[in-house]
Every structure is written in C-alpha cells, then in structure tokens.
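Undergrad: Sequences listed follow chains A and B, in order. Using numbering that gives the first Met the number 0, the letters of the first sequence correspond one by one to residues 0 to 599. Using numbering that gives the first Met the number 0, the letters of the second sequence correspond one by one to residues 0 to 574.
These are calculated hints, taken from the structure and not from any lab test. You may find that some hints are simply not true.
As the list claims (entries may be wrong) - Under the rule of at most 25 Å between Cα atoms (straight-line distance), these lysine-lysine pairs were calculated in the BS3-like manner:
| no. | chain 1 | residue 1 | chain 2 | residue 2 |
| --- | --- | --- | --- | --- |
| 1 | B | LYS17 | A | LYS242 |
| 2 | B | LYS247 | B | LYS199 |
| 3 | B | LYS565 | B | LYS543 |
| 4 | B | LYS108 | B | LYS237 |
| 5 | B | LYS108 | A | LYS242 |
| 6 | B | LYS565 | B | LYS531 |
| 7 | B | LYS237 | B | LYS199 |
| 8 | B | LYS543 | B | LYS531 |
| 9 | B | LYS247 | A | LYS25 |
| 10 | A | LYS25 | B | LYS237 |
| 11 | B | LYS199 | B | LYS17 |
| 12 | B | LYS108 | B | LYS565 |
All figures in this text were calculated on a predicted structure; none of them were measured in a lab.
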Amino acid sequence: MNTDLEQRFPSARIIGRGVTVAPALKSGIGLTFVLALFGTGARLVIPVLIQQSIDHGLQPGRVDIDYIIRLCLIGSLCVVLSSVCLREATRRLGTRSESGLFALRSQLFDHIHRLSLEEHNKEKRGALVSRVTSDIETLTQFFSWGGLGLLLDGSQMIAVAAVMLAYDWRLALVAFVTSAPLVIVLRYVQSRLVRAHNLSRERNADFLGSVSELMAGAETLHAYDAEQPMIDAVLVSMHNRKKSNIRAGVIGAFLFPSGEVFAVFTVMAVVGTGLLIGPSGGLTSGALVGFVFLTYRFLEPIAEFTEIIDQVQSAVAGLRRVLGVLDTPVGPPQSQHPRPLPQGGLSVDLKDVSFAYGSRLDETDDDAPVLHDISLHIAPGQHVALVGPSGSGKTTIARLIARLTDPTIGRVLIGGVALTDVANMELRRRLIVVPQEPFLFANSIEYNLQFANPDASETDMISSFADLGLSDWLESLPLGLGTQVGQRGSSLSAGERQLVALVRASIVKPDVLVLDEATSSVDSLTEVRISRALERLAVGRTTISIAHRLSTASRADRVIMLENGRIVEDGSHLELLAAGGKYASLYETWINSTGSTTNE
Amino acid sequence: MEQSRFRLAISLLRQLLKLHPRPFLIAVAGASVYAVCTVASSFGLGYVVDEVIIPRFQSDIVNGQTFVTASFIVIGVGLLRAVGVVFRRSYAGISHWSTSESLSTQIIKHTMRQSTTWHQQHMTGDLVARVGVDSDTAASILGPLPFSTSVILLVVLTSVWLVVIDIPLGLLAVTIIPLLFALNIGYQRRIDRHFDSAQKALGDFSEAVHESFDGVMVVKAFGAEDREHLRLGGISSKLRDARINAVKARAIFEAFVDGTPSLVNVALIAYGAIRVRNGDLSIGELSSFIYLFTLLVFPLRIIGYLLSEIPHSSSGFKRVREILDEPLDAQSMIVTLPQDSNIAVEIHDATFSYAESDAPIFSQVNFSVPVGSTVAVVGETGSGKSTLLKLIAGLLRPQVGSVHVLQGGSALVFQEPFLFSGSLHFNLTLGKSIHVPDIARALWASVSEEFVSNLENGIDTIVGERGISLSGGQRQRIALARAIASGRTVLLLDDTTSALDPATESMVLERVSSLSDITTTIVVASRPTTVKIADLVLFVHQGKVHELATHETLMINNQAYANLMKSFEMDRKAS
Chain A
0 MNTDLEQRFP SARIIGRGVT VAPALKSGIG LTFVLALFGT GARLVIPVLI QQSIDHGLQP
60 GRVDIDYIIR LCLIGSLCVV LSSVCLREAT RRLGTRSESG LFALRSQLFD HIHRLSLEEH
120 NKEKRGALVS RVTSDIETLT QFFSWGGLGL LLDGSQMIAV AAVMLAYDWR LALVAFVTSA
180 PLVIVLRYVQ SRLVRAHNLS RERNADFLGS VSELMAGAET LHAYDAEQPM IDAVLVSMHN
240 RKKSNIRAGV IGAFLFPSGE VFAVFTVMAV VGTGLLIGPS GGLTSGALVG FVFLTYRFLE
300 PIAEFTEIID QVQSAVAGLR RVLGVLDTPV GPPQSQHPRP LPQGGLSVDL KDVSFAYGSR
360 LDETDDDAPV LHDISLHIAP GQHVALVGPS GSGKTTIARL IARLTDPTIG RVLIGGVALT
420 DVANMELRRR LIVVPQEPFL FANSIEYNLQ FANPDASETD MISSFADLGL SDWLESLPLG
480 LGTQVGQRGS SLSAGERQLV ALVRASIVKP DVLVLDEATS SVDSLTEVRI SRALERLAVG
540 RTTISIAHRL STASRADRVI MLENGRIVED GSHLELLAAG GKYASLYETW INSTGSTTNE
Chain B
0 MEQSRFRLAI SLLRQLLKLH PRPFLIAVAG ASVYAVCTVA SSFGLGYVVD EVIIPRFQSD
60 IVNGQTFVTA SFIVIGVGLL RAVGVVFRRS YAGISHWSTS ESLSTQIIKH TMRQSTTWHQ
120 QHMTGDLVAR VGVDSDTAAS ILGPLPFSTS VILLVVLTSV WLVVIDIPLG LLAVTIIPLL
180 FALNIGYQRR IDRHFDSAQK ALGDFSEAVH ESFDGVMVVK AFGAEDREHL RLGGISSKLR
240 DARINAVKAR AIFEAFVDGT PSLVNVALIA YGAIRVRNGD LSIGELSSFI YLFTLLVFPL
300 RIIGYLLSEI PHSSSGFKRV REILDEPLDA QSMIVTLPQD SNIAVEIHDA TFSYAESDAP
360 IFSQVNFSVP VGSTVAVVGE TGSGKSTLLK LIAGLLRPQV GSVHVLQGGS ALVFQEPFLF
420 SGSLHFNLTL GKSIHVPDIA RALWASVSEE FVSNLENGID TIVGERGISL SGGQRQRIAL
480 ARAIASGRTV LLLDDTTSAL DPATESMVLE RVSSLSDITT TIVVASRPTT VKIADLVLFV
540 HQGKVHELAT HETLMINNQA YANLMKSFEM DRKAS
C-alpha cells in the first residue's frame with residue numbers, strides 16, 4: 000500500500016496536495032515570506048555598520064564619532080523594526096499552519112468515521128488514531144521548527160546574497176563559486192542521512208513491536224519458562240535500534256559543520272580577491288571587512304538546514320499517510336435524493352444479494368464470509384433468527400440490513416425503500432444494531448444513552464429501563480444514571496454492558512432491531528435480566544437476531560439456516576425440525592451436548 | 000524551587016552518567032575543542048583585519064607572508080573547530096543511545112522477572128512506553144549536554160579574551176552576557192508553560208479520538224457521525240488555540256532573542272569607535288570583538304532550551320525508576336512430587352487473594368488429584384476457576400498453604416491463548432529445541448495437523464501479530480499443541496476447548512489422554528459435554544473447592560452443583 004502511494008505521489012506533489020486539502024496552510028504565505036525577509040534584517044545590520052564605520056567614521060587620525068553614533072541609532076531602529084517583522088512572520092506562519100492543521104484534523108476524523116467497517120477492521124485501530132494524532136503531529140513539528148527554520152534561514156541567505164552583490168559583485172561571485180561545491184556535498188550526504196533516519200525509524204518501530212509482544216506475552220512465557228529466547232530477541236532489536244540511531248547521528252555530525260568549513264575557505268578566497276582588487280579597483284577596507292562578516296552570515300544557516308532535512312522527511316511521510324486515508328473511499332455512500340420510510344412497522348427485503356470482500360487475502364480465514372444470491376422477505380414485526388456455523392454469512396446479512404456495508408450485487412430494501420435511497424439519519428432512527436460486544440463510552444450511563452438519542456430526558460431514560468423490566472437493576476446502582484461505566488464500560492460486567500446496550504437501543508424506539516447475540520458467559524441473574532429485556536425490546540418490532548444459541552432460534556417466528564453464504568433452510572423452528580434437515584441435526588447435536596449430563 | 004531544580008538536575012546527571020561515562024567525556028572534550036577554537040577564530044579575524052586588510056587599503060602594503068599566515072590561522076582553526084563539532088555530536092549521540100539502551104535493558108530484565116500478578120496489574124502499553132519512550136527521554140538530556148558544557152567554557156574564555164582585548168569594552172560585554180543568559184532562561188520558562196498546556200490539549204485530543212474510533216460501530220449504528228464531528232472538533236479546536244497561544248508567545252520570544260544581542264552589538268560598535276578614536280583599540284580588534292559576540296548569541300539561546308529539557312528528561316527517568324524500584328515479587332513455590340507418586344496435583348490449605356486488601360478468592364483449599372485422571376473444574380462465572388489453574392501452574396502463589404505438582408511440571412493453556420508474531424514453529428517451541436516427532440505428535444493430539452499441513456508454508460507459516468491470520472479455534476489448538484510439546488506431565492486447560500465444536504473437543508481430550516507422558520489433565524468446563532468426558536469433578540463454589548467426586552455423586556449430594564448443572568440446561572428447557 001505504501002509503495003503504491005509513493006508511486007502515485009512523489010514528495011513535491013504530496014506537499015501540493017496537502018495545501019489543496021488545507022488551504023489555510025498557504026494562505027498569505029507571500030506576505031509571510033516578505034516579512035521574514037525584513038525580519039532577518041537584524042542579522043545584516045552588524046556587517047553593514049562595520050563597513051560604514053570603518054569606511055566613513057574610523058578614518059585614521061580623524062574618527063567621526065557623531066557620524067558613528069548617528070549610524071548606530073539608525074542601526075538600532077532597523078534592528079527594532081526587523082524584530083517586529085520577525086515576530087509577525089513567526090506569528091503568521093504559526094497561526095495559519097495551526098488553523099490549516101486543525102482543518103486537516105477535522106476532515107480526517109470525519110472521514111475516518113465514515114469509512115466502511117471493513118476498512119476499520121482491516122486497519123489496526125491504533126494506526127487510524129495515529130493518522131489523526133502523531134502523523135499530524137509531525138506536520139506541527141515541521142511548521143513550528145523546521146518550516147520556520149527554512150523560512151528564516153532561506154530569507155537570511157537570500158537577503159545576505161543580495162547585500163553581497165550590492166557591495167561588490169566580484170567578491171560576491173568569488174564567494175558563491177567557492178561555496179558552490181557545498182551543494183554537491185550536501186546532496187550526497189543528505190541522501191545518506193535521509194536513508195539513515197528512515198532506517199532508524201524502522202528499527203525503532205521493530206523494537207517497540209518486539210517489546211510490546213514481550214510484555215503482552217509475559218504470562219505465556221512465564222508459564223513455559225521460555226523468557227530468555229524472547230528477551231534475547233528484544234535485546235538484539237534494541238541493539239540494532241541503537242546502532243542505526245548512532246549511525247544517523249554520526250552522519251549528521253559530519254554534515255553539521257560543513258557550512259563552517261566552507262565558510263573559512265570562502266572567507267580567505269574573498270580576502271585574497273579583495274587584496275588583488277585593492278583600493279584601485281574601487282574596494283574599501285570597510286566593504287571587505289563587512290564582506291567577511293557577510294560571508295559567515297551567508298553560510299551560517301547551513302548547519303540548521305542539515306538538521307531540518309530529517310524533519311522535512313518525517314513531515315512528508317506523515318502527510319502522505321494522512322492523504323492516503325483521505326483517499327480511501329468512505330463507507331456506504333449517502334443518498335443524493337433520499338426517500339422517506341413509511342410510518343409504522345417496517346418490512347425487510349433482500350433481493351438477489353451477493354457479497355464479497357474486495358480482496359480475500361487469506362482463504363484459510365473462516366471469518367471472511369461471502370454471500371451468494373440471497374433473496375429474503377421479512378414481514379413487519381416478524382422475529383427472524385439467523386443460524387449457521389461461523390463464516391456462513393450471518394453477520395454479513397445483519398450488516399447489509401443495517402447498511403453498515405452495501406451488497407456487491409443486488410438490493411436491500413426496508414419498508415419497501417432501497418437502503419441506498421434512505422437518509423442515514425432516518426435509517427439510524429428506525430433501525431438499531433446491538434452488537435455482540437457493545438461498546439460504551441467512558442462516561443456515565445446517562446451520557447451513553449443520550450449518545451443514542453440526544454433528546455432523551457431523564458424521565459425517558461428511567462422509563463426505558465422500566466419498559467425492559469430493568470428498574471430493579473437501575474435502582475441497585477448507587478449512582479443510578481450517573482454511574483460511570485469506565486473505559487469501554489469496563490467497570491460493568493459483560494452482562495451489564497449488554498443491559499445498557501439494550502436500553503440504549505430501546506431509547507431510540509426503532510422499528511427494526513438487528514441483534515448479534517452475545518456468546519460470553521454471564522452470571523445467572525444477569526442472564527435472566529438480559530433475556531427478559533430482549534423479549535420486551537423485541538415486542539412489536541421487526542427483529543433479526545444472529546443466534547448463537549439454538550434456544551434463541553427456537554423462540555423466533557422463523558429460522559433461517561445459512562451455510563457457506565447460502566440459505567439452506569427457511570421456516571419455523573418446528574417445521575425445520577420436522578423436515579429433518581441440517582437444522583434438525585444441528586439441533587440434535589446441541590441438545591445432546593447440553594443434555595448429556597442429566598440423569599434421565 | 001531554583002535550588003531543588005538544580006539538585007534534581009545534578010542527581011539525574013550523576014545517575015545517567017555513571018552508566019557510560021567514556022563517550023560522554025569524549026563528547027565534552029570535542030565540545031571544549033570547539034569552544035577554544037571559537038575564541039581563536041575571532042583572534043584570526045582580528046589578525047586578518049589588522050595585518051592583511053587595513054595595511055593593503057590604508058598603506059597599500061601587500062604582504063604575501065601575512066596572507067599565508069592568516070590563511071593558516073583562519074582555515075586551521077576552522078577545520079579544528081569542525082573536528083571538535085564532529086566529535087562532540089557523534090559521541091553525544093553514542094552517550095545518549097548507549098544510556099537509553101542500558102535503561103531499557105534494565106527495565107526489560109526486571110519486569111520479566113516479575114510475577115504474573117504483577118504483569119496483570121500493569122498495562123502492556125504502559126510498560127512498553129517505559130521501555131521505549133521513557134528510557135529514551137531520560138537519556139535525551141545527554142545529547143545536548145556536552146554542548147552546554149562547552150557554552151560555559153566558551154563564556155569564560157570569551158570573557159577573559161574580551162577583557163584582554165580591551166578592559167572597559169570587555170567588562171561591558173561580560174556584564175551583558177549573564178543578563179542575556181537570564182533573559183533567555185526566563186523567557187524559555189514562560190514559553191514552556193504554553194507548550195505544556197498545548198501538550199496537555201494534545202493528550203486530551205488523542206484520548207478522545209482513540210475512544211471515538213474504538214466505538215466506531217456505535218457511532219455508525221446511531222448515526223452519530225455529525226455529533227462526533229462536532230464534539231471532536233471542539234476538543235481539536237482547544238488544541239489549536241493552545242498551540243496558537245504558544246506560537247504567539249514564542250514569536251515575541253524569537254524576535255526578542257534575535258533583536259537584543261544585535262542591539263547590544265550596535266552599542267558595542269558605538270562605544271568601540273570611541274575606544275578606537277582614543278587609540279586604545281585597533282579596528283581589527285574591534286571587528287574580532289564584534290564577531291566573537293555574534294558567535295555567542297546562538298549558544299546562549301541553546302542553553303535556555305537545554306534547561307527546559309531537564310524536567311522533561313527527569314520525569315522520564317522517574318518513570319524508569321518507578322519500575323526498577325518495584326521489589327521483585329516472590330517467585331512461585333511449587334513443591335515437586337516424586338516421579339513414583341500416585342498424586343499428580345495437591346493443594347494443601349491454600350488461601351489466595353489478588354491483593355492483600357481484597358477478600359480471599361479461596362480460603363483453606365485442600366484437594367489432591369490422582370495420577371492418570373481427567374478432572375473437570377466446574378463453577379459459576381467468576382468463581383475463580385482460572386485462578387485455581389494459575390495457582391497449580393505456579394503463576395500465582397498462595398499467601399498461605401502449598402501447591403504440589405508431580406515431577407515434570409504442569410503446562411497451562413490460557414482461555415485466550417497468546418500467539419507470538421513469528422512462525423507456527425516458534426509458537427510451538429517458544430525458542431526451545433524440541434524434536435520433530437514430538438512436535439508432530441503435539442499437532443496430532445491437538446487435532447491441528449490437518450489445517451497446519453494445508454497452510455502454504457506449513458509449520459513455518461508466519462502467524463502475524465497475535466496470531467491474527469488464524470481463526471480463534473486454530474489459535475487455541477496451536478496453544479494446546481504448544482502445551483503438549485512442552486513435555487510437561489500435567490496439562491491444565493482453561494476453557495481451552497470452548498471454541499471447538501463438541502466432536503473436536505472430545506477428539507482432542509481423547510487423544511491427549513492417550514499420550515503416555517501427559518499423565519493428568521485438569522480442564523475448566525463450561526458445558527456439559529466436557530464434564531461428561533472427565534473422570535472426576537472439582538466443584539468451585541463461593542471460595543470453596545469441594546473434594547473431588549464424580550459427577551453423579553455431586554448431582555446427588557450437592558444442591559449448588561445440581562442447580563448449576565440445571566442452568567447449563569436452561570437453554571434446552573426453554574425450547
């Protein structure tokens with residue numbers, strides 16, 4: 000994926016595209032640059048003053064103090080003015096880049112929220128978070144240090160070069176020619192430095208990966224007394240990280256003083272040339288001394304440039320990853336001309352639906368389902384249980400009905416309207432999914448309920464608990480609705496998280512429910528509460544359950560048995576049992592497995 | 000406060016420097032060469048002006064000899080200065096990374112000797128941060144430190160040199176240097192406050208984003224994309240505002256730090272001109288004076304930055320020390336039963352709780368498992384079945400009482416098996432040398448030979464982070480094969496077979512019991528089929544472990560057990 004992106008976007012174009020995405024990044028950059036040019040003026044004042052003093056004030060025998068004082072006052076004024084410009088340039092660059100990055104962040108998290116679930120499952124969660132945080136952070140770092148450095152140092156070189164040319168074009172030419180080979184040296188060493196930095200970044204990631212595996216697997220390693228080989232592997236990767244970082248540091252160390260080395264040669268070349276030209280050639284001693292100062296100033300930024308190279312690389316890499324996410328198409332697209340859903344109960348239809356993931360990389364993965372040509376009509380208010388072995392396509396059907404993904408071929412309709420024509424906001428009010436492992440935000444129960452329905456009042460919430468027969472549970476919580484659920488709901492038990500998720504679904508008062516039954520074992524009291532709440536929640540609503548327990552299936556109006564992405568049986572529980580097909584034999588096995596210990 | 004800050008820095012440096020003093024000293028030597036050469040270079044400039052330029056232009060004297068001498072001085076000093084820089088930077092890097100490596104190694108070795116309980120109390124992410132980021136941050140002060148020692152030398156040498164050139168002008172400059180120095184530090188600190196609050200805003204933002212992406216399913220299910228966009232946008236704008244505040248403060252600082260030395264320099268030129276008029280100073284000396292002062296500006300700036308790094312570094316070091324200072328947990332104390340013993344596992348009067356303050360999970364537990372049996376551990380969710388297995392495995396240690404295990408030891412397969420990202424082979428052997436037939440036998444017994452041989456690279460297949468390329472059931476079977484291959488005598492299965500269908504489960508348990516070296520199997524059972532395969536049942540209920548008995552006996556004698564079995568069947572009754 001990375002190489003693909005690199006082919007599509009070489010560095011220069013990456014920056015161009017970044018600017019298009021967040022226009023604030025370049026707004027007013029011209030004025031900022033002009034301000035920066037004036038801002039570096041303070042660094043030119045000294046060489047110019049030296050030249051003027053030597054040539055006009057410090058003549059042997061007749062030093063003109065008044066002239067020098069006047070000159071110094073003008074110089075001071077210039078310093079103050081250029082400081083003001085510098086401040087303004089720094090402020091503008093910082094403010095605008097932060098506004099631009101803010102816009103980029105906003106676009107990015109909005110886009111990520113709208114990516115399809117397949118994309119979310121494909122990417123590691125941490126990777127998406129770091130797109131929005133650490134990758135954008137490399138850009139912040141760049142704008143506040145490297146970018147500022149480039150701006151000021153670049154302005155300084157330009158301003159100094161201009162003054163040099165104004166003083167004496169011959170000397171300026173000598174200075175430029177003598178320092179020109181530096182460009183070749185920089186280019187040569189710079190590419191090695193960039194490679195060295197890339198290598199150390201890679202090694203760093205390897206190292207962190209191996210440490211994280213060591214720590215996560217510590218219990219397993221303890222259980223088998225097998226710590227040593229893993230520790231050794233981590234130490235090797237740590238050593239490699241150290242070596243690559245030191246190597247990058249040493250290359251940088253050679254590059255850093257290159258500007259100064261060239262400066263001393265250039266200064267002597269300038270002085271030599273100045274001596275040859277002499278007063279007869281129109282040169283003054285002040286101009287030559289001033290020129291020496293200017294030469295040092297001219298090559299001064301090189302050291303900082305060599306430091307910035309790495310930052311530029313990281314920033315471009317970060318931006319490239321950010322743009323890569325923005326280029327990923329979002330999940331099911333929004334309808335342009337939404338049609339309203341009918342009032343009341345809603346039917347669900349699947350018409351000739353087939354589904355396959357974009358690429359099935361791993362054929363051995365039995366969790367990557369495919370659906371083949373499924374047609375299905377679910378009447379309003381009907382309770383349907385989807386059963387079948389894992390990988391048979393139950394979850395995919397549920398996701399299609401909830402429009403968390405779109406079918407590859409065919410259509411899904413709700414209340415007779417194609418899902419692609421339903422406005423997302425309306426769909427989410429009428430159809431609710433309760434996942435197997437419901438996610439709760441680290442906040443109060445109240446917050447989690449209002450997340451589903453911002454208009455819900457406290458009374459609504461309490462009555463939702465009552466509707467599902469959960470008032471006793473709510474009352475048993477010391478802080479009631481204000482109870483904090485902890486990160487991902489970790490302060491509650493798995494069963495209690497289910498309860499909150501059911502109330503959260505009920506508070507939206509949907510017409511269609513898609514339930515993915517939980518498999519985790521819960522204590523018996525909570526189990527009773529969950530099944531009671533589920534039963535009440537389903538009353539009068541079209542309900543599609545992914546049944547992991549056949550007892551759920553046996554209570555449904557209708558059972559749909561799936562195998563390898565096809566509907567193999569469809570009918571009521573009793574009908575299917577009587578038919579003696581696959582469902583009947585599955586049920587048989589299950590009955591035996593749960594019943595074999597009873598003494599009948 | 001100033002005092003404590005200083006002391007903090009000293010103690011931090013003492014502890015860091017004692018790890019790798021040599022590269023640091025070389026870096027300081029390089030920095031000293033740099034400092035001396037910097038002062039010498041200003042002397043060179045003065046020489047060029049007074050001996051080469053001025054004679055040519057004011058007296059029309061061209062002296063080749065002085066030009067050559069000047070070139071040697073300027074170029075020689077410049078090159079030597081560069082060599083100093085190369086040594087300083089290279090060895091500062093070596094010092095930083097070596098120290099960071101030493102700290103990381105210490106943490107890794109220390110944590111890996113800690114018990115399972117300790118690991119359960121520490122988040123993996125936090126430990127990784129301490130090994131990776133914190134040890135690095137702690138050592139990061141060593142990077143710029145040699146430079147700042149050279150700054151001190153530079154300031155001293157410069158002061159002496161300036162006073163040598165011209166006493167009044169030198170004294171003026173020397174009094175200004177500490178002032179500039181103080182200004183830099185003062186400003187740096189004010190800006191740090193802004194940066195700290197920006198950093199905090201970044202932390203809040205990352206946390207919010209993390210949670211929001213984690214719950215993307217809920218966001219989608221309730222159509223809350225727009226609401227989340229607004230909420231995160233609010234937090235993100237706080238970050239932007241904090242950053243903009245920091246940038247504004249910094250813009251003033253930068254301008255000030257850039258402008259002030261220039262103003263001082265202008266003043267020095269004016270005053271220097273008076274000294275030149277009076278014949279106390281040559282033009283070359285004045286030039287050299289100004290040049291040297293210019294050179295000081297950058298180091299003075301850096302030192303403020305360095306001082307702001309100290310608290311950063313020392314908080315990293317504190318987090319490193321926190322881990323290293325934690326005492327090692329007592330190691331497990333499994334008593335080995337002799338080979339000819341007819342008892343495989345015995346727990347004697349054991350009481351266990353996770354933390355001293357907690358109520359014990361078990362108190363005064365006694366039981367012994369005969370060699371050759373398959374035992375099912377039965378109990379409600381949360382009754383402590385996993386804890387019991389970890390006690391037998393020696394991963395947890397009872398506060399009171401003892402655990403005895405048959406010679407050869409036990410192998411525990413966890414409820415959620417952990418696979419390493421390497422090959423299947425590595426996951427089976429964990430880096431130990433195990434004979435090929437033993438591995439094959441373990442794959443056979445765990446009913447994994449078929450799917451493993453179907454993989455393109457067979458046993459050399461890389462399983463990916465946490466075994467991501469395998470399904471749940473496959474992961475569990477590999478973990479089981481790992482336990483069998485380890486050659487232990489007692490096999491402990493913590494609900495390991497739950498992801499398998501009942502037929503495969505019974506095949507696995509059958510094959511395992513046919514293995515000659517595994518004499519005894521203890522398995523946590525969460526469904527009746529498992530109980531059926533076992534010879535005996537260990538019933539865990541309300542902190543008590545009932546004596547081993549057959550299922551039938553327990554059904555008659557133990558009401559709680561009978562009730563639990565009924566709830567296993569509840570599903571069936573409901574139909």
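Undergrad: Please list, smallest to largest, the hint numbers that this structure does not respect.
TA: Hints 4, 11 and 12 are the ones this structure does not satisfy, whereas the remaining hints hold.
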